[in-house]
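Student: Given next are the chains, with one letter for each unit.
Number of protein chains: 2
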Amino acid sequence: MYHEKDVARGVDGTFMWLMEEVGELASALREGTPEELRGEFADVIAWLTTIANVAEVDLTLALREKYGDGCPGCQKFICVCDDSEKP
Amino acid sequence: MYHEKDVARGVDGTFMWLMEEVGELASALREGTPEELRGEFADVIAWLTTIANVAEVDLTLALREKYGDGCPGCQKFICVCDDSEKP
Numbered sequence: 000m001y002h003e004k005d006v007a008r009g010v011d012g013t014f015m016w017l018m019e020e021v022g023e024l025a026s027a028l029r030e031g032t033p034e035e036l037r038g039e040f041a042d043v044i045a046w047l048t049t050i051a052n053v054a055e056v057d058l059t060l061a062l063r064e065k066y067g068d069g070c071p072g073c074q075k076f077i078c079v080c081d082d083s084e085k086p
Numbered sequence: 000m001y002h003e004k005d006v007a008r009g010v011d012g013t014f015m016w017l018m019e020e021v022g023e024l025a026s027a028l029r030e031g032t033p034e035e036l037r038g039e040f041a042d043v044i045a046w047l048t049t050i051a052n053v054a055e056v057d058l059t060l061a062l063r064e065k066y067g068d069g070c071p072g073c074q075k076f077i078c079v080c081d082d083s084e085k086p
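Residue numbers (numbering that gives the first Met the number 0), protein chains in the order written: chain A, 0 to 86; chain B, 0 to 86.
Calculated from the structure, these hints are not laboratory results. In this text the structure is predicted, and so the values were computed from the model without any measurement. Incorrect hints may have been included.
One copy or two, either will do: identical chains are not told apart, so a pair holds if it fits within one copy or between any two.
What the hints assert, rightly or not - Heads up, simulated EDC-like pairs for lysine to aspartate or glutamate below, C-alpha to C-alpha not over 16 angstroms straight-line: (1) LYS4 <-> ASP81; (2) LYS4 <-> ASP82; (3) LYS75 <-> GLU64; (4) LYS4 <-> GLU55; (5) LYS65 <-> GLU20; (6) LYS65 <-> ASP11; (7) LYS4 <-> GLU35.
Take the sequences, apply the hints, and build the full model.
Tutor: Right, here's the structure in full:
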C-alpha cells in the first residue's frame, strides 16, 4: 500500500516511525479504549510489515521457520518449557 | 502457544520482552544475515501477538478496521496521500 514511499524513506527512517507507533501502543495499553488499542496494534503491524518489505524479508517464511513446528524450545504447540527459560 | 505463561506475566512484563526483541531486530537490520533477520521479525511478531492475546485484542479485526478499506488517509490500496502527510 505504501511501498514506493517506504523504499524512498529506507529502513532507518521507517524504523523511527515504528518506534513512534510502539510508544503509542504502550500508551493505549495503559489507558486506551478498545478501539484505540486495536488502531495502535494495526499501526505497529503495518510499520513492521513495511520494514520487512523494504528489507526484502518474507514474513510468512520468517514465522514458519521460527514457529511453524511449535515452540523452538520444546517443539510443542502448547509450550512446556521450564518457566525459568527465556519465554 | 504460550498463552498461560503470557497471562501470568501480564501486559507489562510481556511488553519488556517485546522491546528486547525490537532491539534485536534493529541490530539484525544493521548487520544480520537474512536468516537472523527473519528470526528477529518472527520474534517481534510473536511477542506482539502475545500482548494482543493478553490484552484480549483481536488482531485480525484491528487490521481490518484500520487498513481493510485501503489507506486511512486516501482510501486507496496504493496510497496517493501527499508526501508531507504522516506516512
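Student: Would you mind marking each hint as holding or not holding in the structure?
Tutor: Hint by hint, here is what the structure shows:
1. LYS4 <-> ASP81: Between copies, since 10 angstroms is at most 16 angstroms while 45 angstroms is not.
2. LYS4 <-> ASP82: between (43 angstroms within a copy, 8 angstroms between copies)
3. LYS75 <-> GLU64: within (14 angstroms within a copy, 33 angstroms between copies)
4. LYS4 <-> GLU55: Answer is within: at 15 angstroms inside a copy they meet the 16 angstroms cutoff, but 33 angstroms across does not.
5. LYS65 <-> GLU20: Intra 25 angstroms, inter 14 angstroms, cutoff 16 angstroms: inter-copy only.
6. LYS65 <-> ASP11: neither (25 angstroms within a copy, 24 angstroms between copies)
7. LYS4 <-> GLU35: Answer is neither; intra-copy 25 angstroms and inter-copy 26 angstroms both fail.
In summary, the structure is inconsistent with hints 6, 7 from the numbered list given earlier, while agreeing with the others.
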